[in-house]
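Engineer: Could you slot chains B, C and D onto chain A? The hints should help.
Protein chains: 4
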Amino acid sequence: MEKVNLLAWANEGNISVPTFLITQFKNLKLTESELVLILQVISYQNKGNDFPTPEELSTRMTTSADICANMLRTLVQKGIINITDEYSPDGIRFEKYSLQPLWEKMIDYFLLLKKAEESTIKRNSED
Amino acid sequence: MEKVNLLAWANEGNISVPTFLITQFKNLKLTESELVLILQVISYQNKGNDFPTPEELSTRMTTSADICANMLRTLVQKGIINITDEYSPDGIRFEKYSLQPLWEKMIDYFLLLKKAEESTIKRNSED
Amino acid sequence: MEKVNLLAWANEGNISVPTFLITQFKNLKLTESELVLILQVISYQNKGNDFPTPEELSTRMTTSADICANMLRTLVQKGIINITDEYSPDGIRFEKYSLQPLWEKMIDYFLLLKKAEESTIKRNSED
Amino acid sequence: MEKVNLLAWANEGNISVPTFLITQFKNLKLTESELVLILQVISYQNKGNDFPTPEELSTRMTTSADICANMLRTLVQKGIINITDEYSPDGIRFEKYSLQPLWEKMIDYFLLLKKAEESTIKRNSED
Chain A
594 MEKVNLLAWA NEGNISVPTF LITQFKNLKL TESELVLILQ VISYQNKGND
644 FPTPEELSTR MTTSADICAN MLRTLVQKGI INITDEYSPD GIRFEKYSLQ
694 PLWEKMIDYF LLLKKAEEST IKRNSED
Chain B
594 MEKVNLLAWA NEGNISVPTF LITQFKNLKL TESELVLILQ VISYQNKGND
644 FPTPEELSTR MTTSADICAN MLRTLVQKGI INITDEYSPD GIRFEKYSLQ
694 PLWEKMIDYF LLLKKAEEST IKRNSED
Chain C
594 MEKVNLLAWA NEGNISVPTF LITQFKNLKL TESELVLILQ VISYQNKGND
644 FPTPEELSTR MTTSADICAN MLRTLVQKGI INITDEYSPD GIRFEKYSLQ
694 PLWEKMIDYF LLLKKAEEST IKRNSED
Chain D
594 MEKVNLLAWA NEGNISVPTF LITQFKNLKL TESELVLILQ VISYQNKGND
644 FPTPEELSTR MTTSADICAN MLRTLVQKGI INITDEYSPD GIRFEKYSLQ
694 PLWEKMIDYF LLLKKAEEST IKRNSED
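Residue numbers (the working numbering), protein chains in the order written: chain A, 594 to 720; chain B, 594 to 720; chain C, 594 to 720; chain D, 594 to 720.
In isolation and in its complexed conformation, chain A is listed as follows (with noise of 0.2 Å):
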């Protein structure tokens, strides 16, 4: 029974996402609901599920799936997140959740900053 329960805990697995995200999450104007739904969005996508309902998304939230629902249309009308249709290899099309806009407000925002310290550590030496 004990090695069956250690591999079932072993392929639960780990998620690994930028540390970024986790940090400045609140700059891409994001809240903590928001971001723990992607996170859910994300759990889904590594176990193969590319599109999840919003009542399997309310199963792992504090909160309804009407709510879910709502969250996801604010994602997609703030830009986070996208709907993509894909093709399976034999010609099936099926919808898909995309974090790639994400992914870019994330790398914009990054830039931003950089380019901030940049000029501040230019600013200073002129002094």
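Derived from the structure by calculation, the hints contain no laboratory data. Wrong hints could be hidden among the right ones.
No copy is singled out in the list; a pair is fine if it fits within one copy or between any two copies.
Said to hold, decoys possible - SDA-like mimics (lysine to any residue), calculated; alpha carbons at most 20 Å apart, straight line:
1) 622 <-> 601
2) 707 <-> 688
3) 622 <-> 705
4) 707 <-> 672
5) 622 <-> 706
6) 671 <-> 694
7) 689 <-> 639
8) 671 <-> 698
9) 698 <-> 620
10) 596 <-> 702
11) 622 <-> 649
Structural biologist: Just chains B, C and D now, kept in the frame of chain A:
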């Protein structure tokens, strides 16, 4: 400049947490805000700050330092985190947030789920 | 250009493996080359290629495709990896390298080490 | 006992490295053994040992301490790792292996690949 920024990005690194914590935080009696606070504690500890202040934590949360202090107190009371005394190699005492109680709760709950699954399987096979 | 490259870098992502695999591969009767080959299999599978060919693997190794094919055979014979038949949602069969046997060996060895530690502690406390 | 072992396993944790390092180590002029040695250095550093000895490293490799010492020297000569002097908060000096040169080489090579891709695309679109 590009190389400098890419290196800086690579150095930011990733945060890796058990998938089970993300998918089961609700069943561990945590809220979304508490989960995110825990992720901030981990992000500080990964960079060598073992005992981030409520002020430091609040810079990465949508909530004030007072509310972060309250949440930390609640997490200690719920037996999710505790504060341990550590000693540096040269005998200087320092405090540290330990997430060991959370990992224990997580394992307890995982084993409980496995036991429940097992007895369901048994019952079904006896029908 | 800079944003494009940072995004590309972020999309490369990370490979995350159990620390125990890295620190104990020798005791699991693996060589350095076999460990690295396993990491290549994981890297291909993470990007959706479940059954990389010896040719594909050899582009990421210092060894030829023939030697990679030999190593794969050896890993199958040693019970480290196996080849499983999978079916896509629409019934098309495909082959996949499964690392499940390796995870099992890892857990077995971990439990063996723990048992050995435990009996050492017992013996010492009886002296 | 089962809980103790599951906790011990969970505490072993994961090692997370850039996918690019795993897939491109050959192009960074590393051998399989050198890559695995670097992973051992990372595994020691993750657990707080910043300067593992050749003897410590050899316990996790199929090669002797002498050969590990040679490999470390080669890696320093090739500009992959270097040894930095660090100071603890109370002024005690200690040595540390730094992988910063490797990360720089990795980024350099990544940018080189991107430039090559770009000029290929340009050339093709001019045809």
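Engineer: At most 20 Å between alpha carbons: which applies to residue 671 and residue 698, within, between, both or neither?
Structural biologist: within (11 Å within a copy, 36 Å between copies)
Engineer: Please work out whether the CA atoms of residue 698 and residue 620 approach to 20 Å or closer within one copy, between two copies, in both situations, or in neither?
Structural biologist: within (10 Å within a copy, 31 Å between copies)
Engineer: Check residue 707 against residue 672 for me: Cα-Cα at most 20 Å, and say if that holds within a copy, between copies, both or neither.
Structural biologist: neither (23 Å within a copy, 27 Å between copies)
Engineer: At most 20 Å between C-alpha atoms: does residue 622 with residue 705 qualify within a copy, between copies, both, or neither?
Structural biologist: This pair counts as within: shortest intra-copy Cα distance 15 Å, inter-copy 34 Å.
Engineer: Using 20 Å as the alpha carbon limit, work out where residue 707 and residue 688 are close: within a copy, between copies, both or neither.
Structural biologist: neither (36 Å within a copy, 30 Å between copies)
Engineer: As a check of your reading, is residue 622 near residue 601 (CA-CA no more than 20 Å) within one copy, between copies, both or neither?
Structural biologist: neither (37 Å within a copy, 22 Å between copies)
Engineer: Regarding residue 689 and residue 639, is the shortest C-alpha distance of 20 Å or less found within a copy, between copies, in both, or in neither?
Structural biologist: Close inside one copy (13 Å) and across copies (17 Å); limit 20 Å.
Engineer: How do residue 596 and residue 702 come out at 20 Å by Cα distance, when the copy is not named: within, between, both, or neither?
Structural biologist: This pair counts as between: shortest inter-copy Cα distance 10 Å, intra-copy 45 Å.
Engineer: When no copy is named, should residue 622 and residue 649 be tagged within, between, both, or neither for a Cα gap of at most 20 Å?
Structural biologist: between (25 Å within a copy, 19 Å between copies)
Engineer: Should residue 622 paired with residue 706 be assigned to within, between, both, or neither, using CA atoms and 20 Å as the limit?
Structural biologist: Answer is within: at 15 Å inside a copy they meet the 20 Å cutoff, but 34 Å across does not.
Engineer: Since the copies are identical, ignore which copy is meant and state whether residue 671 and residue 694 lie within 20 Å (CA to CA) inside a copy, between copies, both or neither.
Structural biologist: within (10 Å within a copy, 37 Å between copies)
Hints 1, 2 and 4 from the earlier list are contradicted by this structure; the remaining hints agree with it.
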